[in-house]
Structures are given as C-alpha cells and as structure tokens.
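Number of protein chains: 2
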Amino acid sequence: MGGTKNKAVYLKSYPAGLPGPSHFETRVVETPAPRDGEMLMRTVWMSVDPYMRGRMRPDVKSYVPPFSLDQPLDGGAVSEVVESNNSGFKKGDYVVAFQGGWKEYWISNGDGLTRVDPGLAPLSAYLGVLGMPGLTAWAGLTQILQPNPGDTVFVSGAAGAVGSVVCQLAKIKGARVIASAGSKEKCDWLLKEGGADVALNYRDYKNAGALTKALAEAAPDGINCYFENVGGMHLEAALNNIAFGARIALCGMISVYNNTELEPGPPNLAFLIARSAKMQGFIVSIYLHLAMQFASEVAPLLAQGKIKFRESVYDGLDEAPNAFIGLFHGENFGKAVIRVGPDRA
Amino acid sequence: MGGTKNKAVYLKSYPAGLPGPSHFETRVVETPAPRDGEMLMRTVWMSVDPYMRGRMRPDVKSYVPPFSLDQPLDGGAVSEVVESNNSGFKKGDYVVAFQGGWKEYWISNGDGLTRVDPGLAPLSAYLGVLGMPGLTAWAGLTQILQPNPGDTVFVSGAAGAVGSVVCQLAKIKGARVIASAGSKEKCDWLLKEGGADVALNYRDYKNAGALTKALAEAAPDGINCYFENVGGMHLEAALNNIAFGARIALCGMISVYNNTELEPGPPNLAFLIARSAKMQGFIVSIYLHLAMQFASEVAPLLAQGKIKFRESVYDGLDEAPNAFIGLFHGENFGKAVIRVGPDRA
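Protein chains in written order, with the numbering used here: chain A, 1 to 345; chain L, 1 to 345.
Because the hints were derived from the structure by calculation, they are not lab data. A couple of the hints might just be wrong.
When chains are identical, the list treats them as one kind, so a pair holds in a single copy or across two.
[What the hints assert, rightly or not] Derived pair list, reagent style EDC-like, types lysine to aspartate or glutamate, alpha-carbon separation capped at 20 angstroms:
1. Lys206 - Asp111
2. Lys213 - Asp59
3. Lys5 - Glu25
4. Lys7 - Glu261
5. Lys184 - Glu331
6. Lys308 - Asp188
Computed from a predicted structure; not experimentally measured.
Only chain A is shown next, with the shape it has when bound in the complex (with noise of 0.2 angstroms):
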C-alpha cells in the first residue's frame, strides 16, 4: 500500500527576534503507511502556543527540545483516526495529542493519545478550554494561586487561551478579577463573559508608572493573586500593587519570548519580601497527572454554559504560520486554531 501525499509546514531558518513568514515553508511530503500496529492520522485541528516560540532557539535549554531546521514541526492538535493497525483504536475515532501539528497526515503507533468525545464540546476546545490552555489555568490557579472568596485577582494576557480560563474560573470560586487585554473589543467580551469585575486596555498606558495607578485605582486593598502571561511592565505594575502574603502565577512572559537580548527583571522584586509574597513559576506538564481533577471540574462548567471561550479561527494548513506569528501581536482574541481538514464530528 503506497503512502499519502500531504503538506507540512518546515522550520527553515531560526527567527532573531520577532518570527516571520520567511521562516516557515509549506511543503509535499509522503506520509507512509501505516505498519503493524500503527495509524494513519488525519489532523482537523491544530493548536498554535507561545511556548513553540522557545523551540525556535537552537542554543537555549528549554523544557522541550528546539525544533529541526528543515523538518516538519510539530505540536498539539485533534486528529482522526483513518486507517487503523492498532487494536486501541478504529478509523472514526478522534484523540488528541501533542503531536499532528503542522501537517495534515501523520502515522501514530497509539503512545501519547488521548481519545476525545465530540459529544462533550466541539473538537476545536480540546486544544483551548478543555485542552492544555485549560489545563494551564485550572493548575495555576487551584494550585498556586488558590485565591479565596474576596481575593483580588489580576490576570494579564486576560483575553488569550489560558488568561480568559484564569478569570472566569477565579470569578466562579468567588474572587474579584481585574483583567488585562490589549483592545477595547477583548475588554469588552471579558466584562461581559469573561468574569472580570475590571478590564484594563493595557495599550493606553504607556509604562509600568500609569500601570501601577490604574491598578491602584482597581485594586486599592492590594493584589492578592496574579496570574502573569506576559512579563515586563505588567509584572513590574503588579509587584507594586501585591497585597502581604500575595501570590504569583508565572505562567509565560510573551512579552520577552522574541527579544535577541535579555531585557531587566522588574527593579521591584524586593517588594516581594516586604509582603511576604510568593512568585511561582510552572510549566503546565508538572500537572499532566491532575488532567482528569481538571476536566471533571471544567467540562461540566463549559456544558453548562458557566465558562465561554472564544477561538480565533485560521482555515487551512498554509495559514498556521499567520496564525503563530500573530500570538506576539496581540492579534488573536482567545484560541488562536487552525482548521487542517474538514471537521466532520
């Protein structure tokens, strides 16, 4: 049986600084076909994420290996099953995995599957809410965090994948949230859905300084918990503001993932002393074994309509580039997704 010709997106040069379209390429390759035991994957949908930027730095250790010059990437998507050689699994069935990304076929030999049900949310979510993102927010916040009833919560990034989880999950557990996005249109939908009681256009202040008094002004007991998706004025505005005994979630600092040169840390770290506060640092896989805690408190939430999301969404394998590039611009609004091939569920 002859393989599958298909399109993959390559790596086919390290960005210095900001990535671009120059630095992907889209092209045919063979998939073959699938041994004893293996699958012939089909990716629907697949997941663009900040941290896939550190994968482009071949000199810096990271948690997860840097990307291949001249090979297909990889990453998170729903795929489903075509062909199967794999008693686990029968053509039909969708799973996700952090695998399938970038390209539209693949061969999988089951490892690292998790099957999904289309039935419980559209197959898009299990990259966003109910995927990773979700995973992200959930953990940062009920094991880091874990604000009490009353807490102030400040989420920056609050529009994106992850932020806009943080806020209505620490809006349902009964804290206060002021909320961080970068237009009028993501303040607005986080006022009205996504759980923010305060949403600060953080483009309207043009340093750390106006920051600070804008958060005063939202929060004039103090901070008690920040959920930090960004870095770099925003953590500087929020040490200013930390209430004694606050926590910090450092989830990502997107803010810095495409500097060539190291920018300075905030000069007000000291304030953590004084306040006797807390800045934790996490990468979402040290949590990978409270994934089913995490899905049987947040999908029941998401079916009842408690939690929304809202998904940017690209068509075809040839706009993933646009799609990643487009996370260190603000441009997208909640889960950036791309659509690979029909999503027939």
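Position chain L against the provided structure of chain A, taking the given hints into account.
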C-alpha cells in the same frame, strides 16, 4: 525619685544612599523614673540589622514604620532589669525585646519582653543565632526551602548573622552547601566551621556571568535551594543555575538597600517558568509563632557545639553608628553586636 541621665543615639537626617556618621548623633537624655507597673531597663547588648535601613526612608511604605528625625533610634536589644515596679519581672532579670537598642537606659511596661537564660548561651547570642537572625535562617530553611538530603543549597551573605546559620542547618539536614561571602577569611571560616562544602569569595567575580560560571562548576546538577540575602548579581547567577523544581527564599537584598534609584531586576526571571521554580519573600515576623519550635531545635545544637557562631563586637553605644554602617560594607563577620554596658551575666 529623679530620672537617670544617660545616652541615646538620634537620627539627625535621612541618608540618601549609604548611611554615614553624619546621619547620627549621640545625645545625653534623661530617662524618667519608672512608674507603677514599669521598669527601668539597662541595655547590655544591642543589635544592628540591615532591615533598619528601610526605616530610614520616610517616603517608602515598609513593614515597619520609619524612624522619626530628632528622636532616639530603636531596635532589638538584651537588657537587664535595674528597677522593677512590675510583678512579672524582678531586678536582675535579663530580657530580649525589639526595644532598647540605641540607648543606655529605657523604660518598659513589660510588653514584648522575653526572658532569656544567661546559663544557656552568652547574652549576645539572643540577638543572633538564638534571636531574630537565627529564627530568620531557620524559618527560611524549614518553611520555604525545605531541602532534601543530597540537595544543593546555595547561600549568599553566608558569613553573616543569618547566612551562617542557614549554612550550618542545611549541612546538618544533609544538604550540600555552597556559600558566598566577601573575603578569604570568611570563606575559610565557612569551609572549616560554617558547614560549607564550597565557599566562593564573590569579590573574585566581576559580574553575573563570572559568578554564573563559578556556580555551574560548583553545582553541576544545579541549585535546588537558594537562600538570598544579597540580590543583584547573586540572584541573576543563581537563577541561571537553578534546578528543576528549585526553591528560592528571598530574605534580603542588601546590595540594593542604599540605592537612591531602583536598579533593574535580573533579566532571567523566566527561568522560574521553564524550571517550575518558586521564589518566596518573607519577613521573620510571619514566623514568630514558630519561635518555640525554632528554639527547641537550635538551642541544643548550639549547646552541643554543632552550630558555631561568630560575632563582630563593638564596644560602647558611641560605636553603634559605625557597626550599622559596617553592615553595608561587608565589614562585619557574623552578627554585629554592640556592648552598650557591662555584661555581668
């Protein structure tokens, strides 16, 4: 009954930058006679501590109120009860308190005094290894860093009142200890008596890059715990070397206490994310409820000679400003204490 003529040190002006002798003035004062329920206290030993610098900034909200100009300074001291109209204490009792420093005599109503046993340890030890610095070291280590046997613990300011206790307790708990201090003499003591496996004289390293390299050689598997007393290049170098799941206890940042402008923080905070590491600031007062547990663990170790301590002793109240100023020049080796009056215990 008349008052007692004696001396007290006044704050003449708030230092901008490093404190110097001109910011202080010794004046003769009259301490009134104790009234009903009060006692006349004689200060035997007083403490100077880095946190006092924070009380010399009228404009900065800190965890203790600022000192007033043209008033006597105050701070921790061991005092003798000279005259008692308080049924809780009798003449000849020795007490430690967050009061009594910077003066020869003072009046107490008994609040905030802890009786100390001159038979258990020298009186001055209640300002150091058995006092607030000792509790600070023990709490940061046991409540935040929680080293496992075999972990690598890095301690900056390691020859100081806090750091030297951290090193020895960490060693007793089975950790491998890397100490940083500011002279060969201090490093020699740390290796011989202070529990250090490796001692780095930070003056040999001209920047964070050089210190990063030295730490990488000393801790090839990374640093699991970092006890931070210093800030600046120490924090940056430590972050470059943290192991996955590392804990950082932020106790002090003496390198920045005298800055008139905030200096940038470390550029590599994002390592906290990739290595799922925690940085927790604390002030010792949040652990005061553990003081008995601390004393019951550390006092026997001291009595058995398993914990050693060093003191820089200054003689006479007039020397107190010099002792304080010395804190910021690395001039003290171990706890800086001032013998204000004769120690007859």
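For this session: Measure nothing new, just compare the shortest in-copy and cross-copy C-alpha distances for Lys7 and Glu261 to 20 angstroms and report within, between, both or neither.
Result: Neither, since 35 angstroms and 55 angstroms both go past 20 angstroms.
Exercise. For the identical chains here, do Lys184 and Glu331 meet the 20 angstroms Cα criterion within one copy, between copies, both, or neither?
Worked result: within (13 angstroms within a copy, 56 angstroms between copies)
For this session: With 20 angstroms as the alpha-carbon cut-off, assign the pair Lys308 and Asp188 to within, between, both or neither.
Result: within (14 angstroms within a copy, 62 angstroms between copies)
Exercise. Taking 20 angstroms as the upper bound on the Cα-Cα distance, should Lys206 and Asp111 be classified as within, between, both, or neither?
Worked result: Cα proximity of Lys206 and Asp111: none, with 48 angstroms in one copy and 50 angstroms across.
Problem set entry | Status of Glu25 relative to Lys5 across identical chains (alpha carbons, at most 20 angstroms) | within (16 angstroms within a copy, 87 angstroms between copies)
For this session: Go through the copies and call it for Lys213 and Asp59: within, between, both or neither, with a Cα cutoff of 20 angstroms.
Result: between (39 angstroms within a copy, 17 angstroms between copies)
The structure shown violates the earlier hints numbered 1, 4.
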